[in-house]
Each structure stands twice: as C-alpha cells, then as structure tokens.
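**Q** Going down the list, the protein sequences come from chains H, E and L. Be aware that the first sequence starts at 0, since it is given in numbering that gives the first Met the number 0, and climbs by one per residue. Be aware that the second sequence starts at 0, since it is given in numbering that gives the first Met the number 0, and climbs by one per residue. Be aware that the third sequence starts at 0, since it is given in numbering that gives the first Met the number 0, and climbs by one per residue.
Honestly, I wouldn't trust all of these hints.
Copies of one chain are not kept apart here, so a pair can be met inside one copy or by any two copies together.
Straight-line C-alpha distance at most 35 Å; calculated DSBU-like pairs for lysine-lysine [as the list claims (entries may be wrong)]:
{"hint": "1", "residue 1": "Lys614", "residue 2": "Lys603"}
{"hint": "2", "residue 1": "Lys3", "residue 2": "Lys168"}
{"hint": "3", "residue 1": "Lys115", "residue 2": "Lys2"}
{"hint": "4", "residue 1": "Lys391", "residue 2": "Lys2"}
{"hint": "5", "residue 1": "Lys421", "residue 2": "Lys69"}
{"hint": "6", "residue 1": "Lys614", "residue 2": "Lys421"}
{"hint": "7", "residue 1": "Lys421", "residue 2": "Lys38"}
{"hint": "8", "residue 1": "Lys264", "residue 2": "Lys421"}
{"hint": "9", "residue 1": "Lys39", "residue 2": "Lys391"}
{"hint": "10", "residue 1": "Lys73", "residue 2": "Lys421"}
{"hint": "11", "residue 1": "Lys73", "residue 2": "Lys429"}
{"hint": "12", "residue 1": "Lys539", "residue 2": "Lys324"}
{"hint": "13", "residue 1": "Lys392", "residue 2": "Lys554"}
{"hint": "14", "residue 1": "Lys391", "residue 2": "Lys168"}
{"hint": "15", "residue 1": "Lys554", "residue 2": "Lys391"}
{"hint": "16", "residue 1": "Lys554", "residue 2": "Lys324"}
Calculated from the structure, these hints are not laboratory results.
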Amino acid sequence: MEKKILFPQIGGLVHGGDYNPDQWLDRPDILEEDVRMMKKAGVNCVTLGVFSWAAYEPEEGNFHFEWMEKIIEKLYQNGIYTILSTPSGARPAWLDGRYIEAMRVDSRGVRDHHGKRHNHCMTSERFREKVAVIDRMLAEHLGTHPGVILYHISNELGGECFCPRCVQKFQMYLAERYEYDIDRLNAEWWTSFWSHHYNTFSEIEPPFENGETSVMGLNMEWKRFTTWNMNNFMQFEIDVLRSVTPDIPVTTNFMGLFGGLDYRKMAPKLDVISWDNYPCYHNDWETFTETMSDTAFNHAVMRSMKRGKPFMMMESTPSLVNWHKVNKLKRPGVHKLSCVQAVACGSDSVQYFQWRKGRGSYEQFHGAVVDHAGTDDSRVFRDVAEAGELLKKLAPVAGTTVSTRAALLFDWDNRWAIWDVKALGQETKKYERTCIGIWQEFMKLGIDMDVVGSDEDLSRYDVVVAPMLYLLQPGTADNLRAFVERGGQLLATYFTGYVDDAQLCYLGGFPGDGLKELFGIVSEEIDSYYPSDRNGIAMKDGSRWEVVDYAEILKVQDAEVLGTYTDDFYQGSAAVTCKSHGKGNAYYVAARTSAGEMRPLFEKMLADAGISVRKLPEGVEYHVRSGEEGSYEFYLNCNTEPVKIAGVNGLDMVTDREVREEMTLPGYGVAVIRQ
Amino acid sequence: MEKKILFPQIGGLVHGGDYNPDQWLDRPDILEEDVRMMKKAGVNCVTLGVFSWAAYEPEEGNFHFEWMEKIIEKLYQNGIYTILSTPSGARPAWLDGRYIEAMRVDSRGVRDHHGKRHNHCMTSERFREKVAVIDRMLAEHLGTHPGVILYHISNELGGECFCPRCVQKFQMYLAERYEYDIDRLNAEWWTSFWSHHYNTFSEIEPPFENGETSVMGLNMEWKRFTTWNMNNFMQFEIDVLRSVTPDIPVTTNFMGLFGGLDYRKMAPKLDVISWDNYPCYHNDWETFTETMSDTAFNHAVMRSMKRGKPFMMMESTPSLVNWHKVNKLKRPGVHKLSCVQAVACGSDSVQYFQWRKGRGSYEQFHGAVVDHAGTDDSRVFRDVAEAGELLKKLAPVAGTTVSTRAALLFDWDNRWAIWDVKALGQETKKYERTCIGIWQEFMKLGIDMDVVGSDEDLSRYDVVVAPMLYLLQPGTADNLRAFVERGGQLLATYFTGYVDDAQLCYLGGFPGDGLKELFGIVSEEIDSYYPSDRNGIAMKDGSRWEVVDYAEILKVQDAEVLGTYTDDFYQGSAAVTCKSHGKGNAYYVAARTSAGEMRPLFEKMLADAGISVRKLPEGVEYHVRSGEEGSYEFYLNCNTEPVKIAGVNGLDMVTDREVREEMTLPGYGVAVIRQ
Amino acid sequence: MEKKILFPQIGGLVHGGDYNPDQWLDRPDILEEDVRMMKKAGVNCVTLGVFSWAAYEPEEGNFHFEWMEKIIEKLYQNGIYTILSTPSGARPAWLDGRYIEAMRVDSRGVRDHHGKRHNHCMTSERFREKVAVIDRMLAEHLGTHPGVILYHISNELGGECFCPRCVQKFQMYLAERYEYDIDRLNAEWWTSFWSHHYNTFSEIEPPFENGETSVMGLNMEWKRFTTWNMNNFMQFEIDVLRSVTPDIPVTTNFMGLFGGLDYRKMAPKLDVISWDNYPCYHNDWETFTETMSDTAFNHAVMRSMKRGKPFMMMESTPSLVNWHKVNKLKRPGVHKLSCVQAVACGSDSVQYFQWRKGRGSYEQFHGAVVDHAGTDDSRVFRDVAEAGELLKKLAPVAGTTVSTRAALLFDWDNRWAIWDVKALGQETKKYERTCIGIWQEFMKLGIDMDVVGSDEDLSRYDVVVAPMLYLLQPGTADNLRAFVERGGQLLATYFTGYVDDAQLCYLGGFPGDGLKELFGIVSEEIDSYYPSDRNGIAMKDGSRWEVVDYAEILKVQDAEVLGTYTDDFYQGSAAVTCKSHGKGNAYYVAARTSAGEMRPLFEKMLADAGISVRKLPEGVEYHVRSGEEGSYEFYLNCNTEPVKIAGVNGLDMVTDREVREEMTLPGYGVAVIRQ
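Excised from the complex, chain H in its bound form:
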C-alpha cells in the first residue's frame, strides 16, 4: 500500500489546534509566549482565522491582513504551519446590518436577528459576493504564504434557511430533479393522498413548521436540497480559493453523525476529511469503554469517506468542553489515550479547540491547552506536551491507512427516512444505535469495519452488515445481490427494503426490489413493542436471544431457519434465517436483539469469508494501520486497571521496547507495535 502523506512539510503527524491571536493583538507579550509554549508542547500546526472576518474587514471594503500575515510568518519561522480558515462561519455586524438577506429565515418564516454564528443564508447573492471578496483577498494576501498548508472552509457547516430566495431555489432544484415533470413529482410523493397534488413547481413550499410536513417526499427532498445547497456554497468558496491558489488542499470540519447534511455528498469536493470530536468522557449513561468505542465508530465513518487516505481530527479538547450537560475533566491518561485512538483509527492529526482560552464570551470556559492562568505549569499543558512527544515518535505512522474487508451499510437517506417514517415506535427507532452496536461488536473481534453508503461498490468487501435498510437506493438491491452471488456474507435485519428512493412502499411484499428472493423470506407484519414487552429467539445452536422493540413476522420461502420466536402468537415462526447462494450467504434477523447476542453469527460470517479475528480482553481496543513498509498495531486499554495482552510481537513505539508474545498495558495505557 502506498502511503498517503497529507502534508510532506510536517514530516509526521499534525499536532496543534485552533489559535485565535486576533483576541490578543493588544498583548504582544502573550503572542510571544504562545510561540514559546507551542514549541514546548510539540505543536507543529495551528488553525487560524476561523472567525476573523471582523478583524480582516472591520468596515465594508476596508481590509487588514497584515496582522495575520505577521503571525503566520512568525509561526512559520518557528516551524509551525498554518491551516487557514475562510471566515464565513460568522458575519460581522456591519454585514448583517447592510445585507439582511444574509441572515437565515427559520422554519416558522421568521428571519433571524444578527448574532451567534453558522447562520448565513446559503443562497443570498449579496452574501456570496461579500464572501467572494474576502476569500479572494484572503487567498491573495495569506494563502500564498509558504506556511499555509491547508484551507479550512467556513466552520461546522449546518442548518437550513426558509427565506424566499431559498424557497425559489428549492423549486428550481425540484424542477431539475424531476425533469420539469410535475406529474412525476406527484407520483413519487404520492400526493393523491390528502389532496396534496401540485400543479406546478412554483406551488411547492419547503416543510414550514406551520405548513406542509406530512409529505415524506417533500421532507426528504428538502433535506437533500439543503445538502445540495450547502455543498454548492462550499464549492463556491473552494472555487474562489482555487482561482488564486490552486495547489492548496481544502477541508471543512465535519461533526460526526450530525444529521443535517449528507456528508458523503460533500466529501468528494474536499481533499481531506476532517472532523470535530467531543465525546462525553466519564459520563453516567455508559461505560468509558463504550464512550471510546462510540468515538471509534465516528472515526470510522470519517475514515470511510476517503478510503485509503488519512483523515484529520480537526478539533478536540485537551480537558473539557463548556457545553456538555456536565463538563467533567478528562482523567489522567485519557488525553493520551484519546489522541492515540484518533491516530489508531486513521487520523493523521491531533488538533484542539483551542490553543488558549479567550477571556470572554460564549466559550471562555471551553478547555484549551493554555488556561486563563497563562502558564505551562498545569496538568493539561503537561498532558498536551506529553501527547506532542508521543506523536513525534509515531511520525512513521503518518500516511498509512486502515483497511478492511468488512463493511457496515449506514446511509444518510435511510437515516432521514427512518427519522421521518410514521410507523414503529416513536422513541425506539434507534437506527444509529443499532448500527453502532453492530459495528462495535465487530471491533471487539478486531475488525475495523468501513462504514459505507448503500450506493457504494461492495466488491472490495467480503462481509457486509446492513441493519434496518428501510430505504433502498436504486441499485442497492442489485448491489447486495451481486455481493452475495460472488460469495459475500450479508446480514440484514427487520425493517429492510420497505420503500424505494422516493419512500414509496414496495408492492408485492417486503423486503422489496428483489430482496425477498435474495433472503428467501417475506416479512408480512412488523410488531412494535412497548419498552416492557419482551420476546425471545431460540437459535438452532441452542442459544436464546432476547427480543426488544421490533419483531417481524416472516413467511419463509426458501431460506434455512436458524432461529424461531419463543413467545407470543408468532411463537415458533422464523426469526433468523439464512439463504445460501453458492459460497455467499444472506442472513436475515427479523427482530431486534442486542448486537452481542448476534456475535456468533458475525463470527461465522467472518470465518466463512476467511477473515481472521483478534479477540482481546474486555475494554481493549485494537486497530491496525498499514503502509508500504509494514503495519502498526494499536492497543488501547480503556480500563482503569492494567491488562495483560497475549500474542503481541514487535517494537512498542510508545515505550521503545520490544514486545515478545505478551505485554501488560497499564490503566488507560497504549501501545503501538511496529511490525
């Protein structure tokens, strides 16, 4: 495998974070001290200018980039590179005062007042004009500096706008989407229901809260349009930058499983994927190990957007945040553990929000490397410096990648459809948790599944799990069938294949579009359970699984029955089935059980696919990155107690010691074994 080095200038892993010197321009002593401490902390890169519009352009047309240029230069002189952000994430007051169309209109039709951030109208021409000007100037004045290695477009893009301009753009989008055929739209949106027929595209309004919210097709297209329009805005910013500095790569910082945008549609426009990672460590609703493995799933989602290339952890906190329900400190060791996890999962960076706490306003208590005390004599600073040291040791890992032959189907359209579907139980749909639970069960077997969309080519995989694949994209069923027919191991669950891409139900029995035949079953009814309801599945292997939330009643056509319901009126009927297609197998699990109970199925699928598993002690994460010159095994002990791990051989880059067969990791300890 070829290494994909993101930033040859850095010569290793990126360590740094958001830096806001614009808040301290009247304190040159502090700016001086920052550089000294950055070097002490092993920082080699900072992100600049995320919210600097008012500093660059304090009045319309009056530009000041010289102050920032000096800072970039000074950092560069000290070996610290710059990720340069476009400032569109927050608008100056003068701009909103003059161009009110830049401010969004909410789902009740009310235009926002100036304030907060991330709330521009994506459509407004006047706003785009202003952005074009500032971005071009930015590229010209700062982007040409050799210290600048990456552009960071805006910040944490998200949100919707219901202004008249956006409504009109939505109508135009729909007209193109449905090829100017309003009848096709009516058919796909099933508008004969409740007299919802449209005569023209210009009659269609977005789903205003006090308007049309009962047409599934409309709701979905509004979400797709919002992604499309945000992507359009992002591309517009990229184009401006590229016109001046075509060689600087671009990213934008994603937010994990944020549901407002389909990141998979945006990823192709970016040179590198990056995201902001803020887990609630040490919380009271899950174990620490679970928090860690939720984070691992998020890393996998990000990683899978550009397979074969490292991503970046653009933001994280060295200690705590200020917006969780309870803002608790990271316990000693956890900072290092979480940094190494990011790298283990495919990140080539560990970056913080932020370098130094600002004295005032909304995030004055968000964790930072340097606290208000301003000293490097703090627990947090020492933790960061320690991480910096370790990242230097791990420099050879940069450019290597995580690769796998197993994939989980996790689809944004499917999420949205499940969120919106009027069926099942209102509070128990839990699509994400269901996917995450299964993914984590594979991780416990040492398998870092890719997390892919249902329209992706599955030919690179041998094991695919597609939980609750309610909505089938065009081609998805064919994709799955082809996968099984060439020998793949596929597992699907209850609530699969009910609707097509337009959210129209398949006629003739679920799962539709040919999947009945693939799995050899028909799902006749789906039963939803109250939280206290339970059923069971008696598996042929003698095990018994517990059923919660959902149970489908199947008619088996030509599948083997692996498990049957133990209770209720469908007692004895099929709950788990498998239909073989040559070497390929299509498993169907008709009811919700814990992922842990399904593990034997997963192990069989992996075994049949010839993928070897790596079972580890409870609470130990295992990830592998590989490159041309070999691979790196990461072991993360999420327990507070030491654990012994067998079967480890190679050089531990953390301790610089050779491991032979067995090693002991301390509580929260990490090892990176080079082979």
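Using the hints, position chains E and L against chain H.
**A** Using the frame of chain H, we list chains E and L on its own:
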C-alpha cells in the same frame, strides 16, 4: 321498541371502510382486485372521496367526477354501497395559493402555510364559495347515484382560527350572545378584575397566546364560539347537499372525547352519529380490559348523542395505526372482539381506515385491510373476512338499540371550565378519568349507563351520577332536584356547584343554586393533595376508602353522614353523606376515592331504583341490545384465558349453538345470545 | 437603637390586605358587610386601587374617583387606613387599542396582544403620558385624603420589552455606560470572539431569542438595562405622586428572589421595602421546617435592603393560592405561625391578597379572608381574626429591628452571571440553593445573617460568607481583603473570582483580583460531577464531608490545609484551607458539600468573632428584634409536636405569661418573649 334501521339497502350491519381509489387510477388491475377482495371480505359499503378535491377539481373550475362515478357504479354492481364524503377536509394547493384566507391563523397570530389537512378557516367567505361549488357538483354528479346511502361531511372536524375574519365574527357572536349589552358581558366575565373592562364588543380579541388568556368567560366563549362556527360551517355544507339531494342522510366522523368541539351541539344537525375509534391495545399503562372498557365508554358517549338509534363506527384499524407512541399489532382474536364490542355498544357498522394502504406519504404504514403486499393471504385479511362473516350472522341486530335507566352526567362546558379553572392541582384534576372510572364500575355491574349533558331531561332515568359538576348550567340544579324529588337516586362529588354558566362563583356557599339544600351540606373548603398525600374515609358499613387528590371539608346541615375522614385536621368530619327526599336520595362524596371503593354505594342506588345488576367474571363485558323482536346479549371475554359464565340462556349467534345456563368463552372470545 | 415606626397613625403593626371594592360597586350590602367584618378581624389597613384604572378612567379622559373617595372615607371613619396603589399594573382595553406602543414586544420580536397584566412597555412615551395623567389625578383626588398612608407603585414590576423604542433606549444606555467608546464595549464584551465586533452602538440589538445570545456582556447589560429602565419608570411614577403629595411614602411590592430585576438597585428609591410572600406549605419536596426557613431567608433579603428599618409583608394568603402546582390548605396553626414569622424577621405588617374573593376570572379561587360564602363563620376567617388579635398584642414590636454582625454575600449580578455562564453542569449550578443552605445553617445557630450585595460596606460585620462569588464587582476583592485584615472571618467557596464585572476571566490564576493572595491558594481546575459522582473530604478534625457537583483542584501557596480530597486523581490534595491575617481568617472550601457538614467551620468563625450562638431544638426558629426599650425574642415551633425550650426568660406576649428558664411550645406554636 321500534327498530331504527339506518340503511335498509344494506339489510344488516355495515362492514367496510375508507377507500381511496384516486390513489390507484393508473392501476386498473388493482381497482379490479379491490372489488374481488372486498366481496371476499364481506365488505358491503365503502367511504369514498374523503380527500378527493384535487382529483375532482385539479384546477380551479375544471371538474372531473366521471372517474368516481364509474367506481361507485362498479361497486354498486357488486353489491357495495357508498358513503360519499365532501372533500373539504383538505384543500388543493391551487386553492390556498389563490385564496390565502382559506388557511388558518394560529393562536400567535401567524397564518399557516399550505399543508396538512383539517385546517381551513371556518369563516372565510371565499373558501365557503369554493366548498359550495364542489359540494353542489358532488351532489349533482355523484349524490344522485343509487349506490350512495350517506353523506360524510368533511373529516374529523376540529381546530381554531384566529384570523381577522374569525375575530370579527367572534365579536358579532358575542354581541348577539350578550344581547348587545357590553355591561352584561363585563358583569359575567367579572372584568372589574385586573382592569379587564371592555367598552365595546369590538375591543374583544380571542384568547391569543400572547394576549388575554386570564379571563375565564372569554376563554369559555371562545370555545363555544369555535363549536358554533364549526357547526355553522358544517350546516352550510349540509344545506348545499340537501338542496340537491334532500333525502340522503348526513353524518360527520367524531373523535370520541376530543375536547375542541362540543359534539352535543353538533349532533342534532346530523342524521346519524359516527366516530373514529383508535384505542391503544396491549399498551403498557393499563390492562387490556381497561383499554376495552375505555372504548366502551366512548361508544356510550356516541350512542347517547342520539338515544334510541344506532350509531356507526366510521373508522377503526384492522391491525395497527401509525401514529401511536408504539404501533403494536392487534393480537389474534382482538379484531373480532373489538368489532363485536362496537356492535354490542350500539354501533350498526364496523368500518376501517382504510381498505388498502397507500404507497406513500403520512399514512403509508397505517393499518389497512389490504397491505402493500396486495394479497388476501394475510393474517389481517383473514381476520377482516372472519369479522365480515360474523357481522352477516349478526344482521338481525341492526336497528336494535341499547337502553338504560342509569345515566352519567358528563358535560363539555364543565370539562372546559375544569380544564381552565385556576384551582386544585394542576395535574390532578382528571375530570374525564373520574367520570370514566365511575361509568366503568357500573358497566362491571352490567349497566350500560347513558352519558348525558347536564342540561338533558333526566326523567327517563332512575339513577344519575354527576361527578365533579363544577359548573351548573341554568336549570341543572332544578333538573337534579326534580329528579331526586320524584324518587331518583343521585350521587354527586367534591367540586360540585362552584360556578354558574358564566363561571361566576355562587355566593352563599357551595354547592350553589340550591344544591346545598338538595344534599344537605355545605362545602366550606377544598384541600388539594400532593401525589404522596393520603387520607381515608371510614364508612358506616365498616369499610374504609382511600382518599387521594381532593378532600372537601363539609358542614352538614340535614344529611345523614355515611362516612367520615380518618385523618388530618378534619378527621372525624363528614366525607360521605346522603339526604333523602321521599324515595329519592341525594348522595354526596366529598373526596376523591377509587370508583371501585364506591361500588357498594352504586349497588345500593341501583337496588333502590329497582334496577337489577348482572355481575360477571372479571374481564368480561356485557351489553344488551333490544328491538321489537327481542334482545341480544353480548358477552366479550377480554381475558386471554377462557372463562365460564353462568346464567346464560339462548342461541349463541356466533357459534349457532343453544346455550343452557352456562357457557365457556375462549380467550378474547365473544358470544351473542339471542333471546 | 431608635425605633423606626413606619406609620405612626397605625400605632402598631399593620394588619390588612388588598381590597377590591370596585368589583362590588353594585352590592352596597357587601361593601357594608366588609367594613363590619374587617373590624371583627382586626384589620387596620387595606390596599386599594391596584387594578382600578378602568374604574377610574372607563374612557380616555373621563375620570371617576368619587366612588373610591367614598370608600377611603368610610374605611377611615372606621379606623382603617389606606395604602393607595397606582393603577399602572394593568391597562384598560381602550388604552391598548389606541396606543399599541404601550404593549410589550417579546424576545422573538412579536408584540403582545392586549391582556393579562404587568406588561407595559417601560419606554413608551405615550404610555407614560397616560400614567402621568392618571397618577396625578389619583394623587390630587385621593392622595390628599388623611386615610392614605402609603403609595404602592404599580404591582409586582417585572418583565422585558424588545420593542424598537426599547432597543433604541438600550443603545443610548450602552453609549452612556461605555462613555461613547465602542472600543471599550468591544474589549469588555470580548467581541473579537466569533467576529462579534460592533462598529457603532446603533448596531447593537438586545439578546433576541433568534439573535445574539452568545455574548455574555450583552446578556448582562440587557439585564442591567431592564432594571435601569424599570427603575426609571418607577421613579417617573414616584415623581408624579411627589409633585402633588410629597409627604406620602412610597413602596412597590417585590417578589422575593425574582430574578428579572436587581431589587437592590430599586430599593433606594423606595421609602419602605415590601414584598409578596407565597410559600408552598406542606409540599412534597421538602420538610415544613425547610419551607419556613426558605421564607425566613426571603424575609432577610428584603430586610437587608433597608437595614435598621422594618419592611412590610404586603401580600400573603390566609389559606391557599390558586397558582401553585398543588393548592393545599394551610394546616391549623400555620397561619398564626407564618404571620409571627414575618414579624419576627422584621416585617411591621401582615397583609393578605386579598380581603374578599372575586366571583370570577383568573384569581377567583385564590385564598382570601372572606370566601364566596361571604361569612365570618369560617376556619379561615377565625384564623385571620386570631392573628389580628395577636398582632395587636405585639404592637410594641413595631419599629424595632433585627440586627446582626454576620452577613451572607448574595449578589444579583453574580446570579445572572452564573445563570448565563457556559461552564460547570447545566442543571447543578444552584447558586441560590447554595446560599440559602448556608444562611439557614447560621439561622439554626440563632444567627439572622444580613444578605448583602458584594459592593456593600462590610465594616459592620465580623463574619462574612461569600458562596460561589464567581463575578467580582470592582472593589469587591479590596472590600473582602480589608474585612479580613481588620480581623473578620471570611469564607469563600469553589467558583470564586473567575471573572470581573464585565465577565472577563481574570488572567494569572483564580480567584482573581488579589484573592489568590488573600486565600493563599490557586484554583487550577474545576471538575464537574454527574449526579451519581461522589468524592469526600477528610477534615483534620477527623470528620468526613461528602462532595457533590463541583470540586476544584487547588495549588496551595501559603494557606493551612484543613481538609483533603479522599478520592479520584486529586485524592490527598487540598479541599479546605484557611489563611490567617492576624485575627482575621480567610477560609476556602473548594468543593460542594452540604451546608450542614460545614457547620463546625461556621461555629468556629462565629466563636473567633465573639458572636454567641443560640442552639435550639430541631425545627424551632429563633429571631430577635430590638429597639430602644429592649428586645423581643421570637420562638417559632415548626414541628407538629410540642417542644421544650430551655434558657428562655421574660414575658411571653402571646400567652401574657412570664417564662422562667424553660417553656413548652405546642405544635406550630409561637412565643414572643419581651425582655
């Protein structure tokens, strides 16, 4: 008793439901199949055109009824009759686009966008014009068809509108209501409080959420006006239809205890009462038997609106709905049980929403007779067909009625007043639950009480229970007094007779308007309990009742004390009293206890009234319908286990077997004994 | 100590309440009866005209005061004085109809409709004009009557207005506040964060809900402005009244810890402090003793606003209210107990809302002296008459005051800053509960602490506790330092001295502004706990405290360590410290514990300050009022059982018996010992 046959054409009970062929006009094969399957399922009637406006009039003034005429004709040819709906329940997009006044304004003063359904302004002249046109055309083109047996006005009427037209209409309504005497309004609304005096009717606004919500009289009149205005709209539709087809009866589908409209004011305008019945079977907050008996109460409310005449269950689901918190399947047997319950309680129809699931939009997963699979080989279809068979057997029941000598007073104005009153505990008022609980206790004694308004003639009853009759209509006190004086058994509770029709408190002691004298007590104070507070009542008969939520402190004038408080500072004072007036008795229960604890009182009242009770095993419902040729006893086993029932004699129309003294009903089993 | 007699005319304590004869003008018999019963109940003063605008001025410019004059005169003839309210608390419908600018605009930018009360725009010139006219007429027609002893400005002032006039006034306020220096505002609001820079004051909008809510400085200044503007409005009303009747004192009725206004800024404009007291007695979330002592804290807050002068309890209920979650009756004895508590805590009045229940509208079921029955033969009336008798006996107490050498710092700005700070745990900040808990622990030691702002002179105190003093006003740190240096005993806690008056964090380590040196510690990090998290503190004296919610990690400079953490990674590090400055001591408690656990510290502080404590049986409150001629010890038994109290000597004014060393108080009993 004369039989009241609703539809001689049908020759028995109605079996059918909503049918939306407009969603399948491009699939003649499906329309064909529908007819075949309807006949197989024993369907003899369908409801057409509920939301067909856009199909009838796709563009303003461009009408198409021919497609529907063909469908009505085809169904008619196959022995299936039509209930024809006016399409005003949802407006086409073109209409809202052109006549924005048709869309409602909410309680914040914001006009809705086009969308959803059931949300027209009841006042808008332009909207009424459009409705008049479509309704007249409908009657002319379709209403004249011999297959049409009933008109169904709009759909599930409800909601309020705060638009300027409605505000003005409200002012005119008030002027008439108060005979153009603003001083009278000020006096009745007690506007000297908080300087709320009005100088003219034109100063009065409805209770906008961000306006005047603290005047009880205003709040109540707004509710009365909303009923009045909705009724006015409904009558307007009826008038249009009658002008063309005067002989077709009309209904509209009510929604049980829906609190937005006083259905008792609307009932006189309808030829037959119908309602939509969607219980949450098998839920986790009550037993199945309780769910069933809540439904029985709702049936009784509907039945009592037109005593001596059957009503219709216009909608219900053959399996599940899609809008409950948890959408659970009906267990086997429950469909038949719930169908027979409707008939037992006085319905002459079992109708579904809907015949066939639509492929898309809001209700695509609402249960239907025919699922997306499109087959009659399904559990649900078989259940429906079985019900169809049974209903045919029960044809002789059609036109018979439920009659009773006991009544429960349950008043819409009183509900609204209790909801709005600023007193007691905010979360423990529970007027409806209190009434339902008592009604159900009588049902367990085999008594199907009528549920009547407080202004109704009580001369047909011998036992009346009037729980929490906080608000007294003019004449109600006289009504109750006359009832007792002619020998009736009356029971009232805490929170009786506090305010008059204008919600002004009675001066001189509660209960007011002469009820102090009727009951022989004065209620000096009412204590409200926190959920953990408890008291007790020691009854003279030695039993002890538990007190929760409310306890009045009485001064006894000339009543017999039947029970006294066991605790707190009013320990030993009267809690249950009775004052006799000849054979009549006026009971007063001053505190909230469970209905079950009050049962001995109810039994005594029934005994004194000479009404015999029919005690049945736990979980078995008993109802009787009678007609000229005899009566039909219905036994419904709400248990999953079989029960033996003694004292049954006659022909069981379900099994076609003669029963002698004892029968065993299987779990969820039913029997209909003809005598 | 000189006595501060509020109303020499009364010659003792005020007993009375709100009286609304305008609701009964058509019932002269009732007005007659009122006077008779008032005398029977020992009422010597009533509050008139709180909501009488529509009665005074039924149409614009058409005035009627004669009816009220007759009532004042009649009461006066019967020895009952009048507190006369300005009617600005609610506007007539005609006024809002004509001057819509009088109605407020909410935080979404929507103008209210006419209705409710307390919702005028404080800025509207037209509204002020109308108020000026009515207030002047009121003073001229009624204020000159000898029966009028006090003006009551408006009613329960509160709320915000976001109308364009208020926005502009806010901008002008800011311009003056920041001396027309927008750069200073930008610096103090830290607007370099998120590009929030302002170029001019006219760009600034208040924190609209859908606008700028993320700038702490803006949020705080909006709260300060709202107080300023309300104060400005109140002063405007006072000025009008003073211009006619300069000698009548003024008050307005506060609402305890209401957070919308900084009452301490308003107090100087008033001649006497008064407040409305509505505890939830007998609730289910705390003991009765706790409810009582919460009330005692509120009394202390009010008392401390004008030290050395009695305040008034302007409103309370003789029985129950109608707006609590559960409106429960006061148990027998509780009325007397609560009346005496008010006096014990420094009130020279016991007043009710209201004298007689109105028949209709929002408060028709709010407790009153005279119920709808209209009789004096009721438990409540007898309780009130009994209280009237007792208050007569306690006449000599009038004008005496509560004095103390201990104070609790409780600051409105600090409250607002803590509410708004984005840090800690969102639901566990509990600033008020923390302060109240500590205050109550001192009360259990017989110490009635003053409750003072952080800018107040501390030279009159020897013990000061300043919990969670997150925000330091300019001079506060100096104030505290001077206090300790002259021998004071000071205790501060976690979350002290993080930000200055502008909410900018102190640089160089917390607590800032010199407090690090005063306490001899630096707080390096603050850990927030989930509700199930616990830690402990091992105290040098062997006791062990439990830690919840918050724990700071300290670096000790030169303080003595009194206690250390028992768990977690900061186990063994300092949790409680003390640094001595001569006789003065500065204690720092770095974590949240119960106030009860801290009691030994409090006792030590009091002992070192030479303040003797008075420990009493559980559930007994002790307060002392003193004047020139001696002091009055109040003992309140909050238990339902009798208690023996030792060490009591003097005349019990309640029983008129001499007590020697020991007395027994019955359940809910009171004693007032004159010495």
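**Q** Taking the hints in turn, state whether each one holds.
**A** Structure-based check of each hint:
1. Taking identical chains as interchangeable, the C-alpha atoms of Lys614 and Lys603 lie at most 35 Å apart only when both belong to the same chain, with a minimum of 14 Å there against 60 Å between chains.
2. Taking identical chains as interchangeable, the C-alpha atoms of Lys3 and Lys168 are never at most 35 Å apart, the minima being 39 Å within one chain and 59 Å between chains.
3. Proximity of Lys115 to Lys2 under the C-alpha cut-off of 35 Å is found in neither arrangement, the shortest distances being 41 Å within a copy and 55 Å between copies.
4. In this homomeric assembly, Lys391 and Lys2 come within 35 Å of each other (Cα to Cα) only inside a single copy, at 18 Å, whereas the closest approach across copies is 77 Å.
5. In this assembly of identical chains, the alpha carbons of Lys421 and Lys69 lie at most 35 Å apart only when taken from different copies (33 Å versus 57 Å within one copy).
6. Proximity of Lys614 and Lys421 under a CA criterion of 35 Å is satisfied in neither setting, with 40 Å inside one chain copy and 42 Å between copies.
7. Only between protomers do Lys421 and Lys38 lie at most 35 Å apart by alpha-carbon distance; the minimum there is 30 Å, versus 56 Å within a single protomer.
8. With identical chains, the CA atoms of Lys264 and Lys421 are at most 35 Å apart both within one copy (26 Å) and between copies (34 Å).
9. In this assembly of identical chains, Lys39 and Lys391 lie within 35 Å of each other by CA distance solely inside one copy; the values are 13 Å within and 77 Å between copies.
10. Taking CA atoms no more than 35 Å apart as the test, Lys73 paired with Lys421 passes between copies only; the shortest distance there is 33 Å, against 58 Å inside one copy.
11. Within a single copy, Lys73 and Lys429 get their C-alpha atoms no closer than 50 Å, and across copies no closer than 46 Å, so neither meets the 35 Å cut-off.
12. Proximity of Lys539 to Lys324 under the C-alpha cut-off of 35 Å is restricted to the inter-copy arrangement: shortest distance 34 Å between copies versus 45 Å within a copy.
13. Only between protomers do Lys392 and Lys554 lie at most 35 Å apart by alpha-carbon distance; the minimum there is 32 Å, versus 58 Å within a single protomer.
14. In this assembly of identical chains, the alpha carbons of Lys391 and Lys168 never lie at most 35 Å apart, being 49 Å within a copy and 57 Å across copies at closest.
15. In this assembly of identical chains, Lys554 and Lys391 lie within 35 Å of each other by CA distance solely across copies; the values are 31 Å between and 59 Å within a copy.
16. Proximity of Lys554 and Lys324 under a CA criterion of 35 Å is satisfied inter-copy only: 27 Å between copies versus 47 Å inside one chain copy.
Going through the hint list in order, the structure does not satisfy hints 2, 3, 6, 11, 14.
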